[in-house]
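Chemist: Each chain, written out:
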Amino acid sequence: MLRRELLKLLGISTSAASLGFAPTLAIAGTENYPKRLGIIILEGGMDGLASVPPIGDKKLFDHRPDLIDQTMFEINSDFGISSSFENFYSLMGAGEASVVHASAFPYIRRSHFEGQNVIQGGLETPFSTDTGWLGRALAEIGMPGRTLSLSQPLVTRGYSEIETVYPARIHGAKSINQSALEVLSKLSSGSLKDSLMKVEKSISDGTIDLPRDPISLAFTAGQAMAQKNGPISSVIYVRGFDTHAQQGSSGGPHQANLRKLDSIFKAYKEGLGDRWDQTVIMTITEFGRTVKMNGSHGTDHGYGTATLLAGGLLREGTVLTEWPGLNNDKLFERRDLMATVDLRSIMCAAIEATLDIPHEHSSKEIFQDSTISNIGKYLFAS
Amino acid sequence: MDKLHRFARRVGLGFRPDEKLPSNPVQWIESQLNQPREFLGIASLSDPSSIQEWPAKYSFDIRQRYEMGFAYRKQINKHENNASLNAAEIRQRLRLWAQENLPTRHDETRFFHRAIYASDQIRQRLLYFWANHFFVSLGITDRGMLIADYLERALETQLDGSFRDLLWNVTTSPAMTNYLDNIRSSGEKSDNVKWARQNKRQAGLNDNLARELLELHTVTPEFGYTEDEIRLVAKILAGWGMDVSNEGDDVKRMTRPDFAHPHLKHMAEKGKIKVFEMALGSQFGTNEKALPRLIDFLANHPLTIRHLSTKLCQHFISDTPANSDIEVVQKAWVDSDGDLIAIHKAVLTRTWQRIDETVKFQWPLTWFLQAVRSTGASVIQGWDDVHTESSLRYEAKARQITREIGQGFWLSDLQPNGFSQRSEDWMSPAHIERRLKLASMIANYGNPQMRPVQLASTLGISPSVEEAIVSATPETGWVILLCSPEMLEV
Numbered sequence: 342m343l344r345r346e347l348l349k350l351l352g353i354s355t356s357a358a359s360l361g362f363a364p365t366l367a368i369a370g371t372e373n374y375p376k377r378l379g380i381i382i383l384e385g386g387m388d389g390l391a392s393v394p395p396i397g398d399k400k401l402f403d404h405r406p407d408l409i410d411q412t413m414f415e416i417n418s419d420f421g422i423s424s425s426f427e428n429f430y431s432l433m434g435a436g437e438a439s440v441v442h443a444s445a446f447p448y449i450r451r452s453h454f455e456g457q458n459v460i461q462g463g464l465e466t467p468f469s470t471d472t473g474w475l476g477r478a479l480a481e482i483g484m485p486g487r488t489l490s491l492s493q494p495l496v497t498r499g500y501s502e503i504e505t506v507y508p509a510r511i512h513g514a515k516s517i518n519q520s521a522l523e524v525l526s527k528l529s530s531g532s533l534k535d536s537l538m539k540v541e542k543s544i545s546d547g548t549i550d551l552p553r554d555p556i557s558l559a560f561t562a563g564q565a566m567a568q569k570n571g572p573i574s575s576v577i578y579v580r581g582f583d584t585h586a587q588q589g590s591s592g593g594p595h596q597a598n599l600r601k602l603d604s605i606f607k608a609y610k611e612g613l614g615d616r617w618d619q620t621v622i623m624t625i626t627e628f629g630r631t632v633k634m635n636g637s638h639g640t641d642h643g644y645g646t647a648t649l650l651a652g653g654l655l656r657e658g659t660v661l662t663e664w665p666g667l668n669n670d671k672l673f674e675r676r677d678l679m680a681t682v683d684l685r686s687i688m689c690a691a692i693e694a695t696l697d698i699p700h701e702h703s704s705k706e707i708f709q710d711s712t713i714s715n716i717g718k719y720l721f722a723s
Numbered sequence: 502m503d504k505l506h507r508f509a510r511r512v513g514l515g516f517r518p519d520e521k522l523p524s525n526p527v528q529w530i531e532s533q534l535n536q537p538r539e540f541l542g543i544a545s546l547s548d549p550s551s552i553q554e555w556p557a558k559y560s561f562d563i564r565q566r567y568e569m570g571f572a573y574r575k576q577i578n579k580h581e582n583n584a585s586l587n588a589a590e591i592r593q594r595l596r597l598w599a600q601e602n603l604p605t606r607h608d609e610t611r612f613f614h615r616a617i618y619a620s621d622q623i624r625q626r627l628l629y630f631w632a633n634h635f636f637v638s639l640g641i642t643d644r645g646m647l648i649a650d651y652l653e654r655a656l657e658t659q660l661d662g663s664f665r666d667l668l669w670n671v672t673t674s675p676a677m678t679n680y681l682d683n684i685r686s687s688g689e690k691s692d693n694v695k696w697a698r699q700n701k702r703q704a705g706l707n708d709n710l711a712r713e714l715l716e717l718h719t720v721t722p723e724f725g726y727t728e729d730e731i732r733l734v735a736k737i738l739a740g741w742g743m744d745v746s747n748e749g750d751d752v753k754r755m756t757r758p759d760f761a762h763p764h765l766k767h768m769a770e771k772g773k774i775k776v777f778e779m780a781l782g783s784q785f786g787t788n789e790k791a792l793p794r795l796i797d798f799l800a801n802h803p804l805t806i807r808h809l810s811t812k813l814c815q816h817f818i819s820d821t822p823a824n825s826d827i828e829v830v831q832k833a834w835v836d837s838d839g840d841l842i843a844i845h846k847a848v849l850t851r852t853w854q855r856i857d858e859t860v861k862f863q864w865p866l867t868w869f870l871q872a873v874r875s876t877g878a879s880v881i882q883g884w885d886d887v888h889t890e891s892s893l894r895y896e897a898k899a900r901q902i903t904r905e906i907g908q909g910f911w912l913s914d915l916q917p918n919g920f921s922q923r924s925e926d927w928m929s930p931a932h933i934e935r936r937l938k939l940a941s942m943i944a945n946y947g948n949p950q951m952r953p954v955q956l957a958s959t960l961g962i963s964p965s966v967e968e969a970i971v972s973a974t975p976e977t978g979w980v981i982l983l984c985s986p987e988m989l990e991v
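Protein chains in written order, with my numbering: chain A, 342 to 723; chain B, 502 to 991.
Worth flagging that the hints you see were computed from the coordinates, not collected in a lab.
No false leads were mixed into what you were given.
Simulated crosslink set (PhoX-like; lysine-lysine; CA at most 20 Å straight-line):
1) K515(A) <-> K898(B)
2) K701(B) <-> K633(A)
3) K790(B) <-> K773(B)
4) K718(A) <-> K376(A)
5) K771(B) <-> K790(B)
6) K542(A) <-> K515(A)
7) K690(B) <-> K771(B)
8) K690(B) <-> K633(A)
9) K766(B) <-> K690(B)
10) K399(A) <-> K671(A)
11) K695(B) <-> K766(B)
12) K695(B) <-> K633(A)
Have a look at the derived ranges for each label pair, beta carbon to beta carbon:
13) T959(B) <-> T466(A): 43 to 53 Å
14) P552(A) <-> Y895(B): 19 to 29 Å
15) Q593(B) <-> G547(A): 32 to 42 Å
16) S819(B) <-> G434(A): 53 to 63 Å
17) K705(A) <-> D503(B): 51 to 61 Å
18) S557(A) <-> Q593(B): 18 to 28 Å
Which stretches of chain B does chain A cover? Using the computed rule of at least three CB atoms under 8 Å from a CB of chain A, they are:
19) 690-704
20) 709-716
We put the beta carbon where it would ideally sit given N, CA and C, even for glycine.
Chain B on its own, in the form it takes in the complex:
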């Protein structure tokens, strides 16, 4: 495959059939990093060529999501207090209500549409990287309605700023504080624990977020922190976050959240908290003042910088990046004081410089999106199709694709460390079988905008593959092209 097309697939989602190719890849990186976001999609698969802006009626902000969470919780209470329903019936009713009234299905569709139709392809790939690093999965109680807000607001709006602000946004975000249980964690001396004791209820610390903040998100176990230190970090974190999905008893005590400063005073630990004293000194401050200082410390720690520089290189350059690659990114990090545009520019430029010597086996998600995008096929249902029974012969739902390929951001069975970075984890026969079937699906139902041999020649695919395509039926040709070694490994 031609160098430019390989590069676009390595760091982006590949070019659409009608897209103008950039003449200078380094300038292209720069313009992609500074380009405004684009949310394009289609209303219905019955009119797939009409690509438009996503409509406001299916774009929801955090306040609307909060209200929906409140309404959902009322439904839970209503059904649980209905003695005539058994547990299975309650689950079924809640599922149907959620399907109709929560935004998740549209959120997932919007994510897939943007990947297929929008031009800000590098930005999107950077978002996938960070969303996978700071992974949250589909919660049981919130039905995943916070995930789109997490991706688009908590994460992506920060990609133009510093890593420190990104870390702050993520750690206090509604999605992360729900997912890793911080909204259920109260300081041992907090008002909430006092209240619980008087009322014979359970309340106290939960160290889930504290542990992953250190282990996965920042310094890694190499730092050598102790269990006591994890607990101190949990005390600093208690009270931070926004509860949009708390069930049962606490409904009565809910207060309206402050969206700009998500801090629940009654759950916060009282008194001064000291942790990592050697580095931070003893004047660490109260819970509310301590978190910004802790985030500063973790975001700028050399182990965090090393960890993330390495991970970025592994993601874009090679599963086993050279030390010299990692050093380039580390240097950009330190020189720019953790400015993400500078860091991203460094790793992407380095990827371009090293493109001839390196290959990466594509993630299932990026491979699928690239396959749909480059063929000009239309397989993901439109926003108006989401709640209606379709008369179409075949339509793909974003959720089904995500579940089948085992990767995506609306999944319940991944862990907080996200989808694997190592290609051997997605080379199993079961994974490859899915790619073969998805390629058939694109060929048979997606109405690709060209013949396979045309795309092969545009991309500069090697003659052995092109020969096999020329003599094959269209479906066979598409499967050969889309699953050829050079499309899987770019």
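Just chain A, same shape as in the assembly:
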């Protein structure tokens, strides 16, 4: 049984902690907001057991002998971490990165589309909201954010001061025809006008010419967030975690994705500079994957997974979990890692640590569920 870093999450009463309600709505400029929150959306359902293998649970090796990374780093006798996480592992050593294992959004139907919708919308019922939890949180404090993707993801919807940056690369049209843009802004209305005006702004502030691979985007987002009046929050996508076939062990497509993710954390830190000390970067994914390998050297949609957090606001570098165990009778529906930590409680904690919205308020207003456990003190330095 893994007892290290055991968290008695389920016993925490939501009314136990009493934090004053911050007067957030009154704040006008981002210069008053020193802290930053970065979200990395892992699309497809990341395999938490491959990323952060629970090596202290010997059942792991029975369930998926061909999916074990033979060159992983050991965090302690209970958990290893993928050899692709070289940078993240060293951040853990410095006390600037942690993993919350056996975590998941309380969603058990294993559909990508519903799953991505709930982890971004933040409500338990799929497709029940047109706005995202981060958008609602930023609207609450009146602070801008930035999305690094072609379309605005659901997670940041709900607040108009959020820009989407994903520079175009069209041969034969290096620059935008600004006279046309001016005329079109006048001729249009509604969300089209809104978008046209944001394009005008991105020309004047230079973001239109940025490089756009995820790692460069993370670096430039970090740089922008480092500025005194920069975006408070940013969102970046990493795709390709739906590893149904030929997932790989020490190499392969899953490891390649994890390497990319590791570089994104690194690029954020480099871009943020000193601002890193006041930052939280966290991953979210729609679900984990089956504990057993499937018929095609891959894994199917599951439930519990691992959530990765990094930044100077972390309390320490460790794996936090209430480990459910991998014996068949401990698995969710006898196939998936059980989730013992609600992803929403990590989201609430990150919102409180960076946006100063108290847990009681965000759980009730942003996630519409006041029973979400408050675990902030385990994750972040107070």
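Chain A is already provided as a structure; the job is to place chain B on it using the hints.
Modeler: Here is chain B on its own, set in the frame of chain A:
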């Protein structure tokens, strides 16, 4: 914009400058639905006015694609067994080989050419709808060489038939069974699993296709199926499909596929399989007999009919269609027993009736194709340009456009639910920036066949836009016209 031009853009790709306008829109729908397909294009951007039939040398059938897949797999094996190459070098060599020897680049070009030059514009839009509904994306192992076959054969040849046959064709198609891993799924009691056990290999069920068949393609989660039922459906699906890209160990065991009946016996589940017993009774049959029955059941299920009638209305009529719109399509569906021509006719006619009261913000892909088509511009390289270094000042490759706009059928980063149906997903500044730049590209390099003010007057664009165009330079005029609110939202 004039009603007829709006309608052509709502349900089609708009009229080319030299195209004769139909006098009766309802008859036009009918003739478009029954018109033979047209594959027109240009050989080279150096001679853009010579529009011809696509040449046979760049049209490939499924057998040729299968042989190419086999050759590609041999290349993979050859390079992987070459100890002097590292992983990056192997990838690079395979990429170059694929570029030269696989048909994908020509396929993508052919798709864009047809959209720009052919007259069967409504048929093409219906194809986009269904290809987006039954979405497959660019695979890692097959390099997308099955996609054109999927669009032109598995999907489009069925648009004159029943939805049931379309569903059957899609579910057993090489592209879908590759994309959603069904060709890697074996029944638990199958010969393949027995063989794998004896040889210490891994084989078993993979439920990816089963899940999406229920959730996305037909009845939706509203049906209330269970995880066990998904697994039973996976057992029925195991063995179906055609493997053109399997890598590694299985090469030795490959058998030539039966193109008419893509069923791999050694992967099929043995014994009788029962699922949805309440509706189907217990005599469901063996894996090979069960799939046709399962497809019948799903294709004709009221939830499937409701789901797809709604989606068709959302696509053509309005993001938020009225119940009365949906009912028209549902009725046509039920009355015709799922005949796609009748269903399409119902939704398109209803769109015409409701054109004055509704607007739709155009998809990035349809907007771009309409912009090129209506200006008579030539921006997409010709079939002979695809593999040659061009001396032209500028040429657009279909692939680059697809990647830039984030929409199309040769993309790797979309999910099985395809490109979004909701306009808010393609209204971001990043999307709008692309439209502005593409409009500049068309103006500067496409050699439009008229001045912007002429097109504005042909289409009946509102005076405020026309005034702004008259006083602008040609490039500015084109960008204003092509990105004006009434061109984006028709």
